[in-house]
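**Q** Read off the chains here:
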Amino acid sequence: MGRTTAEKIFAAHLRDEPFPGTKVLDLDRVLCHEITTPVAIADLEWRGKDRVYDNTKIKAVIDHVTPAKDSKTALQAKILRDWSRRHDIKDFFDVGRNGVCHALFPEKGYIRPGFTAIMGDSHTCTHGAFGAFAAGVGTTDLEVGILKGVCAFREPKTIRINLTGNLQPGVYAKDVILFVIGELGVNGATDRVLEFHGPVVEAMSMDARMTLCNMAIEAGGTCGICQPDMVTVDYLWPFIEDEFANKEAALEEYSQWCADADADYDKILEYDVTSLVPHVTFGYKPDCVKPASEMSETKIDQVYIGTCTNGRIEDLRQAAEVLQGRKIADSLRGIVSPATPKIFQEALSEGLIQIFMDAGFCVTNPTCGACLGMSNGVLAEGEACASTSNRNFNGRMGKGGTVHLMSPATAAATAITGVITDARSL
Amino acid sequence: MKKTFGGPAIVLDRSDINTDEIIPAKYLTEVTKEALKPYCLEDLKLEGFDANGEVLKKARVVVTRENFGCGSSREHAPWVFEVNDIHTVIAESYARIFRQNMFNCGMLAIELPKSDIDALMLEKDANGAIDIQVQLQEQKVVAKGNGQEMSFVFEISPFDKALVEAGGWVEYADARY
Numbered sequence: 001m002g003r004t005t006a007e008k009i010f011a012a013h014l015r016d017e018p019f020p021g022t023k024v025l026d027l028d029r030v031l032c033h034e035i036t037t038p039v040a041i042a043d044l045e046w047r048g049k050d051r052v053y054d055n056t057k058i059k060a061v062i063d064h065v066t067p068a069k070d071s072k073t074a075l076q077a078k079i080l081r082d083w084s085r086r087h088d089i090k091d092f093f094d095v096g097r098n099g100v101c102h103a104l105f106p107e108k109g110y111i112r113p114g115f116t117a118i119m120g121d122s123h124t125c126t127h128g129a130f131g132a133f134a135a136g137v138g139t140t141d142l143e144v145g146i147l148k149g150v151c152a153f154r155e156p157k158t159i160r161i162n163l164t165g166n167l168q169p170g171v172y173a174k175d176v177i178l179f180v181i182g183e184l185g186v187n188g189a190t191d192r193v194l195e196f197h198g199p200v201v202e203a204m205s206m207d208a209r210m211t212l213c214n215m216a217i218e219a220g221g222t223c224g225i226c227q228p229d230m231v232t233v234d235y236l237w238p239f240i241e242d243e244f245a246n247k248e249a250a251l252e253e254y255s256q257w258c259a260d261a262d263a264d265y266d267k268i269l270e271y272d273v274t275s276l277v278p279h280v281t282f283g284y285k286p287d288c289v290k291p292a293s294e295m296s297e298t299k300i301d302q303v304y305i306g307t308c309t310n311g312r313i314e315d316l317r318q319a320a321e322v323l324q325g326r327k328i329a330d331s332l333r334g335i336v337s338p339a340t341p342k343i344f345q346e347a348l349s350e351g352l353i354q355i356f357m358d359a360g361f362c363v364t365n366p367t368c369g370a371c372l373g374m375s376n377g378v379l380a381e382g383e384a385c386a387s388t389s390n391r392n393f394n395g396r397m398g399k400g401g402t403v404h405l406m407s408p409a410t411a412a413a414t415a416i417t418g419v420i421t422d423a424r425s426l
Numbered sequence: 001m002k003k004t005f006g007g008p009a010i011v012l013d014r015s016d017i018n019t020d021e022i023i024p025a026k027y028l029t030e031v032t033k034e035a036l037k038p039y040c041l042e043d044l045k046l047e048g049f050d051a052n053g054e055v056l057k058k059a060r061v062v063v064t065r066e067n068f069g070c071g072s073s074r075e076h077a078p079w080v081f082e083v084n085d086i087h088t089v090i091a092e093s094y095a096r097i098f099r100q101n102m103f104n105c106g107m108l109a110i111e112l113p114k115s116d117i118d119a120l121m122l123e124k125d126a127n128g129a130i131d132i133q134v135q136l137q138e139q140k141v142v143a144k145g146n147g148q149e150m151s152f153v154f155e156i157s158p159f160d161k162a163l164v165e166a167g168g169w170v171e172y173a174d175a176r177y
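Protein chains in written order, with my numbering: chain F, 1 to 426; chain H, 1 to 177.
Just so you know, the hints here were simulated from the structure itself, not pulled from any lab data. Among the clues, some could well be false.
[Claimed, not checked] Computed cross-link-like contacts, DSSO-like style, restricted to lysine-lysine with a CA-CA straight-line distance of at most 27 Å: (1) F:Lys49 - H:Lys161; (2) F:Lys299 - H:Lys45; (3) F:Lys399 - H:Lys26; (4) F:Lys69 - H:Lys26; (5) F:Lys72 - H:Lys37; (6) F:Lys49 - H:Lys33; (7) H:Lys114 - F:Lys157; (8) F:Lys157 - H:Lys161; (9) F:Lys267 - H:Lys114; (10) F:Lys78 - H:Lys33; (11) F:Lys78 - H:Lys37; (12) H:Lys45 - F:Lys290; (13) F:Lys399 - H:Lys45; (14) H:Lys3 - F:Lys49; (15) H:Lys33 - F:Lys72.
Isolated chain H (complex conformation) (with noise of 0.2 Å):
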């Protein structure tokens, strides 16, 4: 099923988090991935960050840094965000497993350079809060935080956005295998 993207951010200040801080792995005894749902990112070792807040709970996109998603394969990571309506994540760099999965799950790992990332994250410390569109096929993001507008344009594989466009790999490799 294809995704809708963007909406408002929350922003993880660290580089290197890995998949055991998005989804503890006592929680991979769950064979559903609504199951998931209550345990997002309770591991993440981040000052400030409440895995129970308002902030978390509103976000439909996380802001964050380099060698995002680092560690186990588990596509857990990705489905504990899809699950919470977090359809995308925007960050300097990604590990190869969590980035593909997030992909085969038609969802977008957009990656956008340091600069842009500071950007993102002064915009959303000036007004506590930052609301991002995507727009796919102009292959830009465009933030809003107390009037000011940003836009910054992105990289995009033309595989890893057939995928998105066929709602994920399963339904574009039925397609064509």
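Okay, chain F solo, but in the shape it has when bound (with noise of 0.2 Å):
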């Protein structure tokens, strides 16, 4: 019997099987944000144990607010900052140089395919879509993470996914994954890997892919993974080619990775998606999904382009050329975050901040902010957000706001009319 990626990635990195079915994995990564680390760091002091398992996998940045916003803001960062010192942690980023985590760390080249990865944070199941596992777990085992260098886990089942046909213009990853969480719904995927395959997925560019495998999360999914292939080896080579000859050379050592013809699934679910139309949320959950053009009466007060999710080059440049010679409505306000500094200086040298401003948005430094209500455009009472972020959770933006979860087309799109509009319509 064939393996999945995640069976293959298990079987490499088992370093203890206590129980039946509990797999303790050594990790390639332990990543680390300002608001789910302190605490670790603070109750491996109190251990006696501030110690670090291994200080260039370990990679750190402040990113949820940053710039600080107020005291506690402050100290959290500085708490990060100084124990990535203490350490000598390399790669920590600070204010200025640093990004949404799961858009900066795969920017750096820091995943590669067959990796393992831990983070304090429900959406590092991004990084799957370089053939990786990543799971987001809480601080203790973050704790554990940063001391041993291991994490436990139930060996999760796969569900396949293929996706077949062709995406029509205007229509995104987004659209496909929030299809696909209606589909499943906000528990489909429980202790379940999603492990994405087909012609649509091998169109895809890796920013496409880090949308899809992003939102894996919200059907329940322990990790999004997507086949490395050469497009996972183009991004990457920049940092790998001094470790092969050439990139046949990486695609054949990163095609091990690939699952087998005959591996066992869980599922699998097949959808043509050629005629797949905008999609965007309504209520409170991921899984309340419909098509944009059915959700024309509601008003917005705030779009929001940016995250994990959408804030990467190409969903600037998706925003841009729908804004591109137009204004947004007076009745509301945008906000634009590119996601990391680098996507901030292609974004100014392409133009498109200059079309984000002229179409009256507001440019905000990288930071994940208001995707959860912290800082940078967080709602009011009574008010609608259209976000291409990945939770429309109640309050989520701010107590009393509601959101509504899109692709930057379609965002940007409703920020022109004022209504969620689909962009094809415009």
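Now that you have both chains on their own, put them together as the hints suggest.
**A** This is the structure in structure tokens:
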């Protein structure tokens, strides 16, 4: 019997199996941010175990609230900063060099096919786009990861999702994953890995694949995984060119992590996306989705473009294409937050920032900020936000506020009209 | 440190209660568990629920439905229960990260089938209050309402049980790896 990508990675990283079904894995990456790490650091200090298992495998960033908005967030940043210095963690990203973790760490080439990674952040599943097993964990798992370089998992079963057909112009990875979550439900993939296959995924860039994998957790999934291919190699090439004679050699090496043809799946689902239209969420759960065109009565107070789901350069290009030569509606405000400094600079040099500003958008520094109602665009009671983020929970972006999830193109179109709008209708 | 389990229960009769409802993100700027104490379930959207009420204040057990603790990975959700002396959650099912976080803290995330949760909730409705005892070794939940006693057997993986007995994952991992 063949194996899935997750099964191959589990087998290659198995440190211990203390009980049948419980696998303790060696970790290639332990990723840290300033919200969930400080309590782990404090606990390690309290235990007299202020150590790190490998300071080259630990990466840290201040991203959720940055620059600090008050004394409390300044303290969180300081705890992470001091700890990174104390342990000589070279890959620590402070204000000015920092960005949203799930955009910044891939951009630095830290995640490779076959890797294991954890982070105290549920959207760590994003990194599976590289053919890695990456899972969000709590602070205790993070603490043990920092100290021992291991994490325990129930070996997840895998749901294979075959995406066939062709995406129509104006329909994006975000629309695909919103549709898939609508099909699976918010706990349809609990204790499962979502393994994405098919020509639609093969045609996707790494940016689009990260959008796809980012929202696996919204169906309860442990990780979203794409198969490593030449797109993966091309993306990573600047970081791996010294390791391989050529790209073909890298591809051959990475292909070992591709699922076997006869792998055993929990379920195999196939969706032809040819007739898929732009989707948005309604209500307070990410599986409440419908076509954007059916939501055109919904008035919006704020449009937010950014986050670990859709704050990458392609996302900004898609939004800017809709906004070019247009103004946002007087009835709302628009906020765009490029996810990393590199993306910000690319957007500047491509003229995208100019388009956003001409349209009337506020451009903020890279940060998670408003996505979870912490800073940079929190909603007031009764307000509605059209957002390219990943969660529409009640009050997520501010107590009493409503969030509608959508693609950057749909968000941009909505900014122009003031109501939820399918960009293709403009 | 090993925990104690059981006591008066609060019933949250809704599925998909997420970690933003258990502890809103604006409190994630705290760097100690104790500071979270006043904010338990502050944003929970549920008819009849009062985040400042006596029922929650006295509760030592939460009884709820499917997919409890979905959303963010924040361990602040189990912590806000921990600092309010709620060490046991009984639900039809959990989101993976929340469930693991509970066991990692040496606390119990017990799964019971829908029929058992229905029975617990009916008992609560009939009596206004319900007291739950947890027998970890026997893997048994014993519920007492108004005189009538009900007991339910639950499954727990040997690993999760070992975490509870060790007092949490840090203790377990430190002794072993």
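**Q** Does each hint fit the structure? Answer for all of them.
**A** Hint by hint, here is what the structure shows:
A C-alpha spacing of about 25 Å is found between Lys49 of chain F and Lys161 of chain H, which places the hinted pair at or below 27 Å, so the restraint holds. For the given pair, Lys299 of chain F sits about 23 Å from Lys45 of chain H by alpha-carbon distance, which is consistent with the 27 Å threshold. Distance restraint check for Lys399 of chain F and Lys26 of chain H: the Cα-Cα separation of roughly 10 Å lies within the 27 Å cut-off, and the hinted pair is therefore satisfied. For the suggested pair Lys69 of chain F and Lys26 of chain H, the alpha carbons sit about 12 Å apart, so the restraint of at most 27 Å is met.
For the hint pairing Lys72 of chain F with Lys37 of chain H, the CA-to-CA distance comes to about 17 Å; that is within 27 Å, so the pair holds. As the CA atoms of Lys49 of chain F and Lys33 of chain H are separated by approximately 19 Å, the hinted pair is consistent with the 27 Å bound. The hinted pair formed by Lys114 of chain H and Lys157 of chain F meets the criterion: a straight-line CA distance of about 23 Å does not exceed 27 Å. The straight-line distance between the Cα atoms of Lys157 of chain F and Lys161 of chain H is roughly 22 Å, inside the 27 Å bound, and the hint therefore holds.
Simply put, Lys267 of chain F and Lys114 of chain H have alpha-carbon atoms about 24 Å apart, close enough for the 27 Å limit, and the pair holds. A distance of roughly 18 Å separates the Cα atoms of Lys78 of chain F and Lys33 of chain H; the hinted pair therefore holds under the 27 Å criterion. A distance of roughly 24 Å separates the Cα atoms of Lys78 of chain F and Lys37 of chain H; the hinted pair therefore holds under the 27 Å criterion. A hinted pair counts as satisfied when its Cα atoms are at most 27 Å apart, and Lys45 of chain H with Lys290 of chain F qualifies at roughly 23 Å.
Between Lys399 of chain F and Lys45 of chain H, the direct Cα distance comes to roughly 11 Å. Compliance with the 27 Å bound is thereby established for this hinted pair. In summary, the hint linking Lys3 of chain H to Lys49 of chain F is supported, as the alpha carbons are separated by about 23 Å, within the 27 Å threshold. For the hint linking Lys33 of chain H to Lys72 of chain F, the alpha-carbon distance of about 14 Å falls within 27 Å, and the restraint holds.
Checked against the numbered hints listed earlier, the structure breaks none of them; every hint is satisfied.
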